[in-house]
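These protein sequences, in sequence, are chains A and B.
Using this note's numbering, the letters of the first sequence correspond one by one to residues 1 to 364.
Using this note's numbering, the letters of the second sequence correspond one by one to residues 1 to 288.
Worth flagging that the hints you see were computed from the coordinates, not collected in a lab.
We treat Cβ as the ideally placed atom computed from N, Cα and C, and that holds for glycine.
Possibly wrong hints are sitting among the right ones.
Quick list of simulated restraints, FRET-style, between CB atoms [what the hints assert, rightly or not]:
| id | chain 1 | residue 1 | chain 2 | residue 2 | range |
| --- | --- | --- | --- | --- | --- |
| 1 | B | Ile138 | A | Glu39 | 43 to 51 angstroms |
| 2 | A | Lys339 | B | Glu193 | 30 to 38 angstroms |
| 3 | A | Lys147 | B | Ile31 | 35 to 43 angstroms |
| 4 | A | Lys35 | B | Asp74 | 36 to 44 angstroms |
| 5 | A | Arg341 | B | Trp274 | 44 to 52 angstroms |
| 6 | B | Val75 | A | Pro270 | 17 to 25 angstroms |
| 7 | A | Asn127 | B | Asn132 | 42 to 50 angstroms |
| 8 | A | Lys266 | B | Arg238 | 37 to 45 angstroms |
| 9 | B | Val75 | A | Glu39 | 39 to 47 angstroms |
| 10 | A | Lys257 | B | Asn172 | 50 to 58 angstroms |
| 11 | B | Ala257 | A | Gly67 | 22 to 30 angstroms |
| 12 | B | Ala257 | A | Lys35 | 51 to 59 angstroms |
Straight-line distance between alpha carbons at most 16 angstroms, and here's what the computed EDC-like set of lysine to aspartate or glutamate pairs gives [stated by the list, open to error]:
| id | chain 1 | residue 1 | chain 2 | residue 2 |
| --- | --- | --- | --- | --- |
| 13 | B | Lys242 | A | Glu91 |
| 14 | B | Lys102 | A | Asp95 |
| 15 | A | Lys43 | B | Asp189 |
| 16 | A | Lys90 | B | Asp270 |
| 17 | B | Lys192 | A | Glu91 |
| 18 | A | Lys94 | B | Asp74 |
| 19 | B | Lys242 | A | Asp267 |
| 20 | A | Lys94 | B | Asp189 |
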Amino acid sequence: MRKITFPHMGNLFLIAKALFEELGFEVVVPPYNNKSTLEIGKKLSPEFICLPFKLNMGNFIQAIEMGADTIVIFGGCGPCRFGYYGALEKEILKDLGYDVEIIVIEPLFYGFRNFLKQVSKIFARKNVASILKRVYRLAKKVDEIEKKVHFLRPREMVKGSVDKIYERFRKEALEVCGIDQMERLVDTTNVLFDNLYIVNEKVRKIGIVGEIYTIIDSFSSLNIEKILGEMGCEVERNLYISQWIDTHLIYPIFKMKNPIVKRFSKDVMPVLIGGHARETISYARYFSTQNYDGILHIFPLTCMPEIIAKSVLNGIKNRINIPLLHIVIDEVDSDVGIKTRLEAFLDLIEARSEKFERGVLSWD
Amino acid sequence: MKVGVPNSFCYAGMENFFIRVIPEVLEDSQIIFSGKTTKEMVEYGLKNSCDELCIPAKIFIGHVEYLIRKKNVDVLFIPRLVSILPGTYSCPKIIGIPDVVKANYFGIEFVIPEINLRNNRKIKLINTQLYNFLTPKIADTKNILVLAHSYVIFDEFLNKGVLETLKNAGYNPIYPTCYYLDSYYIFSDLPKELFWSSARDIYYYFEWTVNNTQVDGVVYLMTFGCGIDSILQELIMRRCNKMGLPYLCLTVDEHCADVGIQTRIEAYLDMIEWRSSRDEKNYLPAHG
């Protein structure tokens, strides 16, 4: 029987694990992204490639050491570098002498037959439609949990209780098997969250936009969400895993577009340039109209679409008129550096809101 | 009406195309090219662009600034090159650069037509009309393959005189120019077709020259922060290692000095010479 593994991306492992177990495979979940994952990945990857690739390589090596023999990843047809990840990873693993099969699920641009050939290796069972439907529902529920964590962290009465529940949830998720058990675990965690005592303090709202991997994966974003939560900020992101499924798999079927992206990117970035640059720009503008106190823009070093997004945001920053901090994630970033920058950013927001109360418009 | 065209970055080599097309689009227009990169433009570019951009894009911003400040143009003509070869995309920075310029410069008019041949498999001729570059002459011996994007190879500031250094040392530099080969039909042993137009061009030229001509070595000129190069360089390096071709990768950015680059080139050429003077197959170096 195949032992399937896949790269980490935040809570994706919960959903992918349930899916593959339901399809009848044994699943090897690599250890959560940590320092040694990055260390392994750094050694094997090209120097200037973006951070997600390095973490992926680390995940694969660690999973192979745990006994995995099949890797499942998505492909792409450009212009972002993500589309070539699979092919390059295949090349590197082959040169290192690992005997694993890599299943790259390419989009339909490369032909329907090719797509079916790759997909049939994993979906060789009946009842696929109902399984996919249940997985989608699970993805929605897992994202609900994450949203709840973001809401509760600044408001909890006993500090640290939210993280305790959340950590336990992630740990237990590795032990349960199949969609049903996973869903039950999600439900019990929800009940625990609902019974938390909360206090009504003044909470600042921060919007996070940027490259999908670095904002979803808490290791690569250096726990920014947690740090902000502890500083008393509620966090809202522009991307969640279920939302990714919506925009890339569900919307195209009905020829729909994300309404926020459609509305806010028309005049600044009319065409798709790859990655999530358009989402970044449009959500930054959307957040600025929605009573948010500040926006964080996070992306890995040398990410091609996000650099363009940053340049465009630099140009229109006077029009959106909201504090905006760009954080470039590199493999050598430290938590303390991030903490200092976030503290300074929050101080700026504080000072700015006081000025507003006194009727001063801007310091410029 | 003064129409400014910054001819660097992805628009380098498109002068003839612009001269042909602009009079059709804009009536009674006077075309002004920004010309060769000067030190002034580089400084403008470094000052006005975001830090993480790759150096050719920064210089491009400098060209735009120069046109607006010094030439007083009314309209900027910057087509959006979504795709210039069937089945491919340009780099995201090339696709998005008109938006960057538009967001950063007010009070000037922009003409941004879209060139997209991605799904258009019938049009092939237009590729040869888009770019005009001088193609290199391939000599019988002592060829050195210099791989880079054409806007690096034809920009004196960016390539730090690598081609000149090679010529002075008695070698013949050959380099890919845009659509020198009809790369759509060349077979390669890549795990997956590259989906960037320029990467395809560079890789297929590499594939073709290595198989069909006598090449002594490969030099990859990489610009710092270029996303395509980070993948392409790795693929070409692995291929060269397998074939036993001498390979050198140079990363250029705004800080690197000409002399440093030239020293490395000279050392590399010495290595090639030293290597060819021995029986390379049976000789094992003493230092491992």
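(message) Which constraints among the numbered hints does this structure fail? Numbers only, ascending.
(response) Checked against the structure, the hints that fail are numbers 2, 3, 4, 7, 9, 11, 12, 14, 15, 16, 18, 19, while the rest are satisfied.
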